[in-house]
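Just so you know, the sequences run in chain order A and B. Sequential numbering from 500 applies to the first sequence in the working numbering. Sequential numbering from 500 applies to the second sequence in the working numbering.
Just so you know, the hints here were simulated from the structure itself, not pulled from any lab data. A quick note: this is a predicted structure, and the numbers were derived from the prediction, not measured.
Where chain B lies over chain A, by a calculated footprint (3+ residues, C-beta under 8 Å):
id, region
1, 502-515
2, 574-583
3, 604-615
4, 648-661
In this text, a Cβ means the ideal position worked out from N, Cα and C, and glycines have one as well.
2 protein chains.
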Amino acid sequence: MNATWIDGKPGEALSLSDRGLHYGDGLFETLPVSVSRLALLDLHLERLREGCTRLGFAAPEEELLRRELAAAAAGQKRAVLKLMVTRGSGGRGYRPPGEARVTRILLRYAWPDYPQAWQETGVALRVCKTRLGTNPVLAGLKHLNRLEQVMARSEWPENDPFQEGLMLDGEGAVIEGTMTNVFCSPAEGRLLTPDLSRAGVAGVMRRHLLQAAENAGVRVEIRRLTLDELLDQREVFVCNSIIGVWPVSLIGGHAYPIGPLTRLAQGWSQE
Amino acid sequence: MNATWIDGKPGEALSLSDRGLHYGDGLFETLPVSVSRLALLDLHLERLREGCTRLGFAAPEEELLRRELAAAAAGQKRAVLKLMVTRGSGGRGYRPPGEARVTRILLRYAWPDYPQAWQETGVALRVCKTRLGTNPVLAGLKHLNRLEQVMARSEWPENDPFQEGLMLDGEGAVIEGTMTNVFCSPAEGRLLTPDLSRAGVAGVMRRHLLQAAENAGVRVEIRRLTLDELLDQREVFVCNSIIGVWPVSLIGGHAYPIGPLTRLAQGWSQE
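Work out the full structure, taking the sequences as your base and the hints as a guide.
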């Protein structure tokens, strides 16, 4: 981490009464910076605004966020920005205070140096034992309640042969990776991605790929998907804003070829 | 809030890299102070230690916590202490860092002045629309991922005739109140409380009442309980460390008398 801002000012500390800490009462966005430029910024800001609406607090002013993000990105060749927005400070108790003032927390991190081979020859996925709880009220949101991901990610050590973990819900439906969304191809020219109306984070890269697929005339089905079905797919890939698209070469003991739709999605991810 | 400490020192601000903020990666305890004394301290420290074990990080040294809590309680006639313990600071990413150093956050609040009538003539419960997701990995823990409670508590305004909200899981089983555990009496001399192995917070007052009931020879069944079943009970009450026991006089439109087991539990809660 090489720089931090709070409410737009350089700073390193958060009030101990912030509801982001007490309850995870907030949202976050993770944005890649490339030569001062922020990719998919509009989609990130749109998701953040939608998330604030669903949690029931006023989103920070969009122009303000744009200015602060641009300032943090300026002069950076390659970096990651993490923006957290919380419901602000409050007294004790779950009930949101009447006149909460949202807190903006911005952190700039070094670019993570994932091996280039993961883009080219794919990654191996572990099937996590930790399941995702289902809750339509929170599903899709990139909120700050992320213990399920922490527990899932704790299941395997960093030097293990798995690069990502697949998370299922309590009924065995495939929802997402610990830090990625999942796509697969059930047939030539078609894509499929899990429904996230009951669990999971609706990623910005997922949204971008859905739009790109539509523009390209590739049909994408969004529905419930079991692990057995996933193992039957022709191609599988995972995506997020930072990594773009990683082909999946292995889930458990099941190997996949890297097919044309994965390569197409890799192209879209860079548009 | 009239005083705050971080890692044992007076302080008001948390590092922006703390995993408590980023992921809700931590636990908390809420303890009542009465004339400098902390009630059920052993049970609180035991639950905290168990929670740390389940989340996979080393609990703070118990003697240290006892000293810090006692110092915060000293000289207070009536107050509430909230102790949060997080996995500490870390870089970006869900994976817990190898050598995390746990953060201790302690806040002292004024005693909440709930009307005495709530103890005597009972409270009315709303049935919340927000459901609890189920996840055996996290169930029972008083962790910092509390958006479900925040959303549930947002469903009704403070001046509404409801004093607490009842939360069900996705299948309609009664789990708990937004800030309390639930007990009921299905028959003379018997108690029943929901199973919390799939959702909910296993409260310290709940644990204390279970022990007291056992000591008194009152049989308590712990099992799945539907809302319909709850409406059929002879008596219902809710409990936590701060309020003790509140009789429930109304759930939705259904009225309950305040019976002998509720009064017995009120006595136990003060032991």
